[in-house]
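Could you slot chain B onto chain A? The hints should help.
Spelled out from the first residue to the last, the chains are:
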Amino acid sequence: MISLIFFLCIGALLFSSLFLLARRNPRSEGSSTALVEAQQALTALQTGLLPVALVRRVFAREDWEYVRSEAPRSVRELFMDERKSLAILWLTQVRAQIRSLARFHRGAARHYAKLNPRLELQLAISFAALTGACRALQLFVYVAGPYAAPQMVGAVAEAAGRICKTSEQSLAFLNAARLSALAIPATTARL
Amino acid sequence: MSRWLIPAAGEALQLLLLVRGARAHLIGRYRFFYFYLGSVVLISIIMTAVFAMAPGSPLYQRWYWPLQFLTLVTGYGVLLEIMNHVLRPYQGAERFAKFSGVAAFGAIFCFALIAPRIMPHWSPGTVIEFERDLRCVQALFICGLLGVVFYYGIPIGKNMKGMVVGYGLYILTSLMSLAVRAYAGTGFDRVWDIAQPLSFDVSLLIWLVALWSYCPNPVPDHTIHLEEDYEALVARTKSVMGAIRAHIGKAARA
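If you read the sequences in order, they're chains A and B.
With the first sequence counted from 1, adding 397 to any position gets you our numbering.
With the second sequence counted from 1, adding 6 to any position gets you our numbering.
Do not rely on the hints blindly, as some may be mistaken.
[Said to hold, decoys possible] With a straight-line cut-off of 20 Å between C-alpha atoms, the simulated SDA-like cross-links for lysine to any residue are:
hint: 1; chain 1: A; residue 1: 511; chain 2: B; residue 2: 159
hint: 2; chain 1: B; residue 1: 244; chain 2: A; residue 2: 459
hint: 3; chain 1: A; residue 1: 481; chain 2: A; residue 2: 459
[Unchecked claim] Here are some of the chain A residues that sit facing chain B, going by a computed Cβ distance under 8 Å:
hint: 4; residue: 401
hint: 5; residue: 404
hint: 6; residue: 464
hint: 7; residue: 465
hint: 8; residue: 503
hint: 9; residue: 509
hint: 10; residue: 512
hint: 11; residue: 514
hint: 12; residue: 522
hint: 13; residue: 536
[Unchecked claim] Computed footprint of chain A on chain B; a stretch qualifies when at least three of its residues, placed anywhere within it, have a C-beta under 8 Å from a C-beta of chain A:
hint: 14; region: 97-104
hint: 15; region: 146-159
hint: 16; region: 175-181
None of these hints come from the bench; they were simulated from the model.
From the three backbone atoms N, C-alpha and C, an ideal C-beta is built for every residue, glycine too.
Bound conformation, chain A alone (with noise of 0.2 Å):
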């Protein structure tokens, strides 16, 4: 009975890896559309979206006692859901960010005839597992709010500013004359 299973759980596992690979979009992950892309997501993230001194206003304490202390309780309610809402929409941003650079690893590294298979695992292990810590964090800003914590405003606007950061360097190869070349038939293709 065991082996019996055992087969079953595998003729499963071709069955779902087939029934995926029909639906699947045939586009190329990794292209150079793709990693234009990428960069241009992140300068949006650094200039429009996550600036250090934005999040800190998203996340001022001082907004929620000011309202506290003179709104009435449907006013106090409607501010923390808005807020709320604002933290889990940063925390999906940070997520995206950390999604865009594992793509762009990939694209990357799937050349490369001398790719680690045990460092590629270990990668994709840590890669899920930064996912999960964004996940986690997503949950308790909503089961706690996004004042639960009042030291976390500032490490999370720091963190943003230093994610930011550090994701520009791993696109850092792709230079400003490389990109502008890219960046023509990227646009192109759009329209």
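Relative to chain A, chain B alone:
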């Protein structure tokens, strides 16, 4: 009626696939696949002739399993064909897939060694169980290959997609029916007699649609030429991840 109709449909589809392969100049491009198909056609013609000329002859019974194993071995050529075409432009991913293939084979080998010790009733003694184990290796190899394809986001063209899905479905049905047959005994033979050729007909139909004309695998974009080696890439990715992990940990602890 189904005892004749399903194999007859299969033979017609095989011949059509070979004719179409010749007309679309696919035989030269997918040599291993068409060698497999040719061997299946030849074997089914011989077996049908033996069965038609001497229905009660023990010759059919005697040759059934050796020829079945021959098609199973040539079937590994299909897997080689798929790996060559899909992963050839991606040397890193190909290396990873070979590693996965060896790991899958090692896992089955270890299972075959350990299973009789921990499960006294289990033994790969019969022909059916031996074929089931070989099909299991093929199934794990396809799973590993597809895992690599999904993980590295490698695009697959219509020809290769059809080849993988068709062969994968056939292996899936074979593995399932062999596993149930080994467990349930001869009572399962009536279902098996229909399920096995029917699944092969479905695979042939998928191959016929996918291999109607030549559709090359998408070529990777080489616009960007990375100027660094793999170790540098891994080291940089690791350091970036370490920094992100530290910041997230710090944020969570605060």
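Tested hints:
1. A/511 to B/159: The given pair, whose Cα atoms are some 19 Å apart, holds under the 20 Å limit.
2. B/244 to A/459: It is violated: about 38 Å lies between the C-alpha atoms, which goes past 20 Å.
3. A/481 to A/459: Since the Cα atoms of residue 481 of chain A and residue 459 of chain A sit roughly 15 Å apart, the hinted pair holds (cutoff 20 Å).
4. 401: Cβ of residue 401 of chain A sits 4 Å from chain B, so the hint holds.
5. 404: Since the shortest Cβ distance to chain B is 4 Å, the answer is holds.
6. 464: Cβ of residue 464 of chain A sits 23 Å from chain B, so the hint is violated.
7. 465: violated (22 Å)
8. 503: Holds: closest Cβ of chain B sits about 5 Å from residue 503 of chain A, inside 8 Å.
9. 509: At 4 Å from the nearest chain B Cβ, residue 509 of chain A passes the 8 Å test, so the hint holds.
10. 512: At 3 Å from the nearest chain B Cβ, residue 512 of chain A passes the 8 Å test, so the hint holds.
11. 514: Because about 4 Å separates residue 514 of chain A from the closest Cβ in chain B, which is inside the 8 Å limit, the hint holds.
12. 522: Nearest chain B Cβ about 11 Å off; hint violated.
13. 536: violated (11 Å)
14. 97-104: holds (count 5)
15. 146-159: With 10 residues closer than 8 Å to chain A, the region 146-159 of chain B meets the three-residue bar; holds.
16. 175-181: Three-residue rule met by the region 175-181 of chain B, so holds; n is 4.
Hint compliance for this structure: hints 2, 6, 7, 12, 13 are broken, all remaining hints hold.
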